[in-house]
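Here is how the chains run, residue by residue.
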Amino acid sequence: MTGPRRIRSTPFVHEEKPLSFTFDGVAMQGLAGDTLASALLANDVHLVGRSFKYHRPRGVMSAGPEEANALVGVRRGPGRFEPNARATMQELYEGLSAESQNRWPSLRFDVGAASGLASRFLPAGFYYKTFMWPRWGWRRVYEPAIRRAAGLGKAPVDPDPDRYVNQYAHCDILIIGAGAAGLSAGIAAADAGARVIICDERARPGGGLLTEASDTIGDTTAREWGDQAISHLKTAENVTLLPRTTAFGYYGQNYVCLAERLTDHLAKPPDGAPRERLWQVRAKQIILCAGAIERPLLFPNNDRPGVMLSGAGRTYLNQFGVASGRRVVVATNNDAACRAALDLIEAGVEVAAIADMRTSPDGPATCALRDHGVTVYAGAALSGARGRTRVSAVTVAALNDDQRHETTIACDAVLTSGGWTPSVHLYSQAAGKLNWRDDVGAFVPEDTIEDFHCAGACRGVFSLFECVEDGARAALRALKALGFGSAATARPSAQPLAGSVDSPVVAATPASDAPYTNGMTFVDLQNDVTAKDIGLAVQEGFRSVEHVKRYTTNGMATDQGKTSNINGLAIAAQRQGLTAEAAGLTTFRPPYTPVTFGALAHAARDLGLDPVRRTAIDPWAAEQGAVFEDVGQWKRARYFPKEGETMLEAVARECAATRASAGLFDASTLGKIEVVGPDAAEFMNRMYTNPWKGLKPGRCRYGLMLGEDGFIYDDGVVGRIDEDRFHVTTTTGGAARVMAHMEDYLQTELPELDVWLTSTSEQWSVIALNGPNARRILEPLVDDIDLDKDVFPHMSVRLGHMLGVPIRLFRVSFTGELGFEVNAPAEYGLSIWTALMETGRAYNLTPYGTEAMHVMRAEKGYIIIGQDTDGTVTPNDAGMAWAVGKKKKDFVGKRSLSRPDIEATNRKQLVGLRMRKPSFVAEEGAQVLPAEGLGAPLGHVTSSYWSAALNRSIALALIEGGHETMGAAVRVTTDGAPVAAEICETVFYDKEGARVNA
Amino acid sequence: MLLIVCPYCGERSELEFTNAGEAHIRRPSDPSALSDEAWAAFLFYRSNPKGTHAERWRHTHGCGKFFNALRDTRTDRIVATYKIGQPAPMVETGAPDAATPRMAGRP
Amino acid sequence: MGGEHSVFALIKGGLTGHRSWARQWRDAAPKAAYDVVIIGGGGHGLATAYYLAKRHGLTKIAVLERGWIGGGNTGRNTTIIRSNYLYDESAALYDYALKLWEDLSQELNYNVMFSPRGVLMLAHSVHDVQSAQRHIHANRVNGVDNEWLTTAEVKAFCPPLNTSPDARYPVLGGALQRRGGTARHDAVAWGYARAASALGVDIIQKCEATGVRRDASGAIEGVETSRGFIKTRKIGVVAAGHTSLVMQMAGQSMPLESYPLQALVSEPVKPVLPCVVMSNTVHGYISQSDKGELVIGAGTDQYISYGQRGSFHVIEETLAAICEMFPIFSRMRMLRSWGGIVDVTPDRSPIISKTPVKGLYVNCGWGTGGFKATPGSGAVFAATIANDDPHPIAAPYALERFRTGRLIDEAAAAAVAH
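First to last, the protein sequences are chains W, E and H.
Just so you know, the first sequence maps onto residues 1 to 998 in the working numbering.
Just so you know, the second sequence maps onto residues 1 to 107 in the working numbering.
Just so you know, the third sequence maps onto residues 1 to 418 in the working numbering.
Hints are computed from structural coordinates only; laboratory data are not their basis.
Cβ coordinates follow ideal geometry from the N, Cα and C atoms, glycine included.
The reader is advised that the hints may include incorrect statements.
[Claimed, not checked] Calculated Cβ distances over 12 angstroms to all of chain H for the following chain E residues:
1. 9
2. 13
3. 29
4. 33
5. 62
6. 63
7. 64
8. 72
9. 82
10. 87
11. 88
[What the hints assert, rightly or not] Calculated cross-link-like contacts (lysine to aspartate or glutamate; reagent style EDC-like; alpha-carbon spacing at most 20 angstroms):
12. 270(H) <-> 24(W)
13. 889(W) <-> 36(E)
14. 155(H) <-> 158(W)
15. 889(W) <-> 30(E)
Next comes chain W alone, as it looks inside the complex (with noise of 0.2 angstroms):
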């Protein structure tokens, strides 16, 4: 046996493979099956941890999910230490390295522990109240302590190496829980031939059948039933059966997300195994087998360690062979902590007394109980509790002494039950209804709703028969829904089996009835709440139940209230004078339990937050040491510095290069559109404020596009490349917006237009040819385009081939210079660049990048949209009125240009800005400012850069009243003093535009 008060053998732990395991550095031993809590327990640790406000020392309370107190620090090397695990459901493993929280210097000596002894001077909400003076005081100095002392463990501190995974999955009967309940529902459902997925949160499903070990079910033990039960449905082929996995939220629909922990139990992970794996599920039909969690009696001094549920101290028992205690008393105010009792005398423990608040408890347990010679105090309950870091005694007194006459029992675990709070989370997720019922003193769902059921101890149904029946009768109604056969061939096989014993019945005294007068009673004991903080809330006019919750923060620590929440509203009713049906529940949000980020995460950490988007030319680029940037999902070649160059220089040789001689550019990124059909060009009338009728096939026209507000939305290049076809470029970033936007207005307000639109933005490379050699370079590659000028003038369009591969040839530029665009299909993107590059060898062709690009553009006064306008900008603003077709009767848009402040003269306007100082290059996004004065601000600078070509800076800027205002002076902000700059046009570069009819 490992560990002192390990006193028995059971199934579930495995004596031929003890495991090592330390925690706060301490050697230890405990079995394969353990939990680090039982393993614990088993060596006699109850003293776990610390509590959050005043240190406390705490110890294991619980043998689940709904953990408040034993909260540890778990490492398993670099990068892998998850603060806050649950000890009830940190499985064992060889080498586990845990650690307390929230203690400094050591778990035993807190030095944190101060705050116990103020405790009475900081009651719930004690911050709101004070902190406020001197007024610097709360930042500097109060907050930050707070800060420090608040929180429990500490957040891990290198980037996590382990990989997270996702599963879609759809299923006809999801069942969540595997007790006695689901499995029955699992049995029933999986031989009825339903697709059927159940998930239990524990490492073994089970639930309560592992625990009452005197149990029968028919002719066999609940264990051995429970043993068949999985395994019959660990056979079916029809059955997902996931163990240590989570149903943690609702989302509509019944789509219900569970978490599976793969590899935290596990000594040594299979290389590459991923931690977690998130289930999304969508079901036809839901069956929650969820269970139901005990609720602490309260009583001063209820945190001592050594204090635990009644079903904890049974589990640690009979599943784990681990008695809580040497001495125990049990205080209840039902059965079912009773029967607990008795298991601890069978196995030998001494159960010093029974404080039950029922006045004439004659249960069978009790009667047992007291047959063993154990004093049963009824109508009683713990008034007290001695010991500190473990209870050495309690207090019983009698529910109705007004003298308060209490009686020291020397003990060293305490069991309490208080009842059993039914797990609803996902229920109340799903918007199921809850009634009160004072015989569960919980709150219990009303009714099946719409392919989700409730079954076993998530309704109320506590004893095993009943749960095994309820499952069995939950599947049948949703097997019914699915229209699975007939009600015969699905009864389960559970079916003929009969109760044997008695069904532990929940007794109605509230749990708030129990004395909480005399010293610290806890609540909420993670986030240590006493009942005399959810008083004080109700005296200073907390009353909705949500407000109570949060000015204690009763119930919301880790365990988010799963043992607190009815403690608290029973006190806060209580002390309204209200049934706690009347004071109503806290909202049940998501997660049910702690999930991971990791989890939720998951595909974007595995694979990557977003694609990369790449064009055919990129490995070229990359091959050549561009440097590249994020442009939405794209990265684009920026530039492309020889050795030892900065970018400023690239930026200027390429633009050099390019003006000079010819420069090649990678726009294939630009979005593409085939706009297509008899009524392609009033489509294009409609959705462009250009006229398009009278553009010929094989000419191009730049174009633009509103949204309906009437604010420029996208821009691009049209090529008409026929009577019914147009080839529409987009920005980069509009790509998808623009088709959606297009598709949008053509199938609900257009439908009468015969046209089609394809996305082609992947389908072409772009490769743009600039500079006085273009036409040189080009020619010898084109197979059938002749590039005469007089035949082929700047914004035309061929079809055509080059090298042999069909391309549709574009005479446009964004450059300035002469320039053409080849689209050819994006496979033969690559070969035709490097041929352009080879051929081009003799004319010092250049690769450029957008930043080049940016520039050259920007001393030609062509606008980007985003950069120089930003979506409150119109076509007049942008000095563009000539692209709005004036006698077109209607256009996305249109309407709006004539609204009042539309129309108004002292818009901003996009203008040039020359520096005084010609060297300096002003920020983009400086704000302009009048030459003189603290006038307002008039605008701000959209685009700014060293201009080789002119050798000084320029600028763009939107300026009110700017297209008026041209040659004004204004100043422009800088990091420090503002500088003189002056309004111009925004064509710094050719004006005449002969370079690019050349």
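Following the hints, position chains E and H against chain W.
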């Protein structure tokens, strides 16, 4: 996560769809005839109901079609979907919500 | 009202069992008539009532709340406070609010835990940098602090952030507003309620407005409620996600849509994140509360809803963004998530306005960012109601702008480039 029945493709996850705002707001055939107020109403004013909402969706990562849906904005449940151009089907919209406003006095 | 809040009062309370703490605000029952009725008991509504009483000397004021005060977006937001908005109108409004935040705890005698720990807005692309610079220059001209941090400076200011050049969208720098930060959201509602109640304002919970009564001239005559008719000549509607519904009671359609906005917190941990971090490109924002929880938010869902929930993929996308920015948080756990209902205008800027109905005023459309404006919103709306004339800061936010086209489009101004 909504479950949406595309009238062309059938039942699919919300991930495949893009919401496109309130339905049945027909673009005026001659916007220039509208007052600024009427144009603003077309552009910006929406019914925003607590209850059944007729709205447009596009099966962006599917057939690409726009269609209309009736959805209860209290529960998010989609009650019906139908093709563009079809009238909204008559559906049982359930009990009026407690917060459903009633008019008092003059409009 | 329960005596002054101070450390001395706490000590006295500690020695006397805290029996002397009185109700923080009176639980008023509706009277027959008020000078002003505010519909909506969130932070903005309570602040409006407080400033009406405090600055404009009105005494007969009621705040109607259908549930419990502060239970809507006030208690559901991620508590970020900043004023580094681009346009002059926005900077004026939000910086006015920020200045009120700086003294709010003392003004209300209630510690709202305003914590100017700095709001850092990351830039991940050349376009982000341009946009950040534009904001910084514009803010400085408007007297709003905002400064550019290089990547190294960003790392120094926020050590847990991943600033590696290998990130999918590397951090190229950030705009830091040092005066920005967070506050304790519930305390804002409770503090305003307590202070307003002390000035005589009736805070009436569980009282739902069910109709608006107007006289023969069309002017406001009173409000029908679940607790009877209340006579008043002035109604201020501050109903956030439910504004459309309340305004419809007065026959007024609104340029609003109500969307779910989700947020979440992690389990609490010791201090690890010293400031507020926001990113538009890697879409998410995060701070750490004084309780130790990481407080995380993202964008709205795509469809309108009154359900106070949202779709799961928004949570996935948000945490993908957070893990991208902070790979060390991957093993942290989501503790609690929830949804609010945010009312969104076409230009994403609020409406603080008179209406075509005499005596009806509306304050809405705060979308995803209303918490930070709470004090300023309340103050300028109170002035607008009291004077029946827009406060100068509120004037640009009139409903009229949707007719004239003079929108204040902060979202468009952050437009995606090329």
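Comparing the hints with the structure gives:
1. 9: 19 angstroms, holds
2. 13: 9 angstroms, violated
3. 29: Check passes; 21 angstroms lies beyond 12 angstroms.
4. 33: 16 angstroms, holds
5. 62: 16 angstroms, holds
6. 63: Holds, because the least Cβ-Cβ distance between residue 63(E) and chain H comes to about 18 angstroms, which exceeds 12 angstroms.
7. 64: Answer for residue 64(E): holds, closest chain H Cβ roughly 17 angstroms.
8. 72: Not fine: 9 angstroms to the nearest Cβ puts residue 72(E) too close to chain H.
9. 82: Check passes; 17 angstroms lies beyond 12 angstroms.
10. 87: 21 angstroms, holds
11. 88: 16 angstroms, holds
12. 270(H) <-> 24(W): It holds: about 18 angstroms lies between the C-alpha atoms, which stays within 20 angstroms.
13. 889(W) <-> 36(E): 17 angstroms, holds
14. 155(H) <-> 158(W): Holds: residue 155(H) and residue 158(W) sit about 15 angstroms apart, inside 20 angstroms.
15. 889(W) <-> 30(E): The given pair, whose Cα atoms are some 8 angstroms apart, holds under the 20 angstroms limit.
Comparing the model with each numbered hint stated earlier shows that hints 2, 8 do not hold.
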